[in-house]
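With the sequences and hints as input, model every part of the structure.
Residue numbers (the numbering used here): 1 to 119.
In case anyone wonders, no lab produced these hints; they're calculated from the structure. Check before you lean on any hint, since a few could be wrong.
The calculated label-pair distances, taken between Cβ atoms and stated as ranges, are [as the list claims (entries may be wrong)]:
(1) 70 / 9: 17 to 27 Å
(2) 13 / 98: 11 to 21 Å
(3) 40 / 96: 43 to 53 Å
(4) 27 / 102: 20 to 30 Å
Positions of the beta carbon are idealized from the N, C-alpha and C atoms, including for glycine.
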Amino acid sequence: MTILNLTQHVASTEQISAGVVEPADKPAVSKLLTFDAAPDGAELARRAGELAAMAAVAGASAAMIGGAPFFMSALERALKATGVRPLYAFSTRESVETVLPDGSTRKTQVFRHTGWVEV
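Right, dumping it as structure tokens:
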């Protein structure tokens, strides 16, 4: 399954292993996902349609989506209309402790991709 990354973020190693590929024109995707003013319904539909068309042309069977909550339902509808499955990445948070040379411990949170939520 080919999953086109329709987010502004670069896919993680785990996501790439799960079939995620970056779009040929990532800057165009980022531009369509960025809103500098409150959009109306027509603008949401237009942008969603352009992103869905990119996924269809790329031959993707699914698209990893995420971003502005007010835009996701329009993007979900547009993708489904072109036969592309909208997927949200699901990750778990892991706590990693590292003992430093001075004996202190550094604790960091690592987010690991563990699956998909299809809507």
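How the hints compare with the structure:
1. 70 / 9: 17 to 27 Å: This hint holds: roughly 18 Å between Cβ atoms.
2. 13 / 98: 11 to 21 Å: holds (20 Å)
3. 40 / 96: 43 to 53 Å: holds (44 Å)
4. 27 / 102: 20 to 30 Å: For residue 102 against residue 27, whose Cβ atoms are near 44 Å apart, the range 20 to 30 Å is violated.
Checked against the numbered hints listed earlier, the structure breaks hint 4 alone; every other hint is satisfied.
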